[in-house]
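*Asks:* This is what each chain is made of:
Number of protein chains: 2
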Amino acid sequence: MTISRVAIIGLGLIGGSIGLAVRENLPDVATTGWDADADVRARATERGLVGTVCDTVADAVAEADLVILCVPVGAMGYAAQAIAPHIRPGTIVSDVGSSKRSVGDALRAALPEAVVIPAHPVAGTEKSGPDAGFPELFRHRWCIVTPPAGAPQDAVDAVSDFWEGLGAKVEIMEPDHHDLVLAVTSHIPHLIAYTIVGTASDLEDVTRGEVIKYSAGGFRDFTRIAASNPTMWRDVFLSNRDAVLEVLGRFTEDLSLLQRAIRNGDGDTLFDLFERTRAIRRSIIEEGQDDARPDFGRKDH
Amino acid sequence: MTISRVAIIGLGLIGGSIGLAVRENLPDVATTGWDADADVRARATERGLVGTVCDTVADAVAEADLVILCVPVGAMGYAAQAIAPHIRPGTIVSDVGSSKRSVGDALRAALPEAVVIPAHPVAGTEKSGPDAGFPELFRHRWCIVTPPAGAPQDAVDAVSDFWEGLGAKVEIMEPDHHDLVLAVTSHIPHLIAYTIVGTASDLEDVTRGEVIKYSAGGFRDFTRIAASNPTMWRDVFLSNRDAVLEVLGRFTEDLSLLQRAIRNGDGDTLFDLFERTRAIRRSIIEEGQDDARPDFGRKDH
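Protein chains in written order, with our numbering: chain G, 1 to 301; chain U, 1 to 301.
The reader is advised that the hints may include incorrect statements.
Claimed, not checked - With beta-carbon atoms standing in for the labels, derived distance ranges: (1) U:G267 - G:R276: 34 to 44 Å; (2) U:G267 - G:Q153: 32 to 42 Å; (3) G:A279 - U:H140: 24 to 34 Å; (4) U:K169 - G:D157: 50 to 60 Å; (5) U:G249 - G:D266: 12 to 22 Å; (6) G:R276 - U:E287: 25 to 35 Å; (7) G:P148 - U:G288: 47 to 57 Å.
In case anyone wonders, no lab produced these hints; they're calculated from the structure.
Every residue gets a Cβ at the ideal spot worked out from N, C-alpha and C, and that includes glycine.
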């Protein structure tokens with residue numbers, strides 16, 4: 001099964017980066033695209049995010065072998081319904097959503113004639129919109145493919161090959177397991193970052209100017225991910241509720257233990273945890289999932 | 001009042017960076033140094049972190065106009081007692097600790113004949129030890145000076161000028177206010193980062209390998225600060241207990257509200273917070289306290 005025409009629905013950070021990455025890495029693959037927002041379509045045309053930015057979703061998907069829905073998780077069902085009348089039977093429909101059980105269910109319900117192969121490229125920045133994409137976004141990053149039970153192997157392979165063609169490393173996973181792993185590695189970190197940035201800006205005795213001024217002490221690491229797309233993240237938390245609440249419960253238990261250790265002056269409990277977490281950082285650097293330079297190679301100003 | 005001889009006690013990331021920064025920016029100022037660890041002294045000599053690495057703390061401080069204690073907050077009182085018999089009356093003694101009320105009290109108790117002017121350069125990396133320092137660490141970063149009531153103005157000016165000479169921007173602050181501001185901007189972010197990294201590594205259903213593999217989804221931003229020096233951070237939490245527990249209480253209240261919003265499917269509450277936190281990120285970038293490039297300019301691999 002060969003993918004020669006890809007339709008990208010939603011031309012923000014991820015959709016735009018896919019289009020640019022296809023042009024750079026898979027020059028024989030034709031791309032069409034559509035976005036519900038006419039301004040985004042205009043900007044996508046100017047930047048050349050895909051080969052053809054279509055005026056209607058029908059035109060964008062009519063000839064595609066593979067349709068990739070790059071919209072917030074809460075809009076996936078609607079996007080699927082919008083393309084349903086216009087795709088050919090047997091078209092592969094995939095997505096890039098950060099939660100996979102609910103999205104997979106929504107896509108299969110809306111698209112009974114399509115071959116649904118959900119996927120999640122674990123890559124992004126805090127930027128969003130049609131100006132945010134760049135072709136290297138997926139390079140050396142993982143893309144998790146979560147085929148439903150009984151999915152045809154050739155379609156799974158086609159989606160996997162496509163992502164590898166863009167420079168990603170592919171992993172096949174059960175949707176439920178994906179949702180738990182991502183709750184830990186992505187969703188809860190985002191929730192915590194949003195919370196602490198909000199807490200800091202609400203304090204009466206510390207001004208917002210002071211928070212900003214002294215953010216180099218650690219706070220700024222949280223603000224980056226707390227600047228991510230609000231719609232996307234609202235939808236992620238609502239759609240992956242069970243796994244998020246499960247991991248959040250563990251986190252708050254652990255935090256209570258440290259709170260008590262601080263109150264009681266129990267330095268050993270603090271030290272033991274702080275020593276242990278260093279090893280994980282080391283492994284992430286060794287795996288090539290981050291940069292070891294001080295401050296990630298940030299400039300001084 | 002002119003500083004011409006500076007003694008640096010403790011030759012890790014901060015002490016070593018001060019020594020290197022003096023050589024680069026204030027070539028007329030002589031530096032001596034000492035560390036309680038003989039291996040650190042040997043490595044400091046090899047790297048030339050200060051002009052003279054002394055064999056005894058007495059030699060290091062005997063001629064100094066300014067002694068800077070660069071040891072973990074919990075060791076400040078001991079370091080002060082160690083230098084007390086060897087400094088000249090009127091010597092300025094400063095430090096670099098991340099909490100200022102308790103450190104200021106400890107230094108003044110141990111050094112009645114010295115002029116104590118505590119300070120806190122808000123700069124650092126997750127690295128520690130005599131190999132970690134570099135001369136640009138303080139450039140364009142804030143250094144908060146917290147003179148006790150009645151401190152002589154010429155000594156405050158001398159410490160401020162010294163830090164400005166190393167490229168830092170200086171702010172004068174009350175010690176208690178410093179401790180609250182830093183609890184928000186630095187101590188709580190570190191505590192949360194340590195906690196979530198610990199939580200993630202303790203889950204039964206998600207392997208540590210998976211956590212590491214998919215850390216690019218947000219988790220890795222936390223691991224950087226959770227790799228910081230465990231002794232230093234244990235001491236920070238114990239010495240700044242009241243402010244840390246105060247801010248932590250606010251944070252857990254705010255987190256509970258979001259937890260309930262997720263449980264109830266209340267997307268508006270989530271969206272409103274996520275939208276608000278973006279503005280803070282924008283201000284940090286505008287203030288030059290971080291780098292706006294995607295992923296802070298991290299390399300792909």
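*Asks:* Looking back at the numbered hints, which does the structure fail to meet, lowest number first?
*Replies:* Of the numbered hints given earlier, the structure breaks none, since each of them holds.
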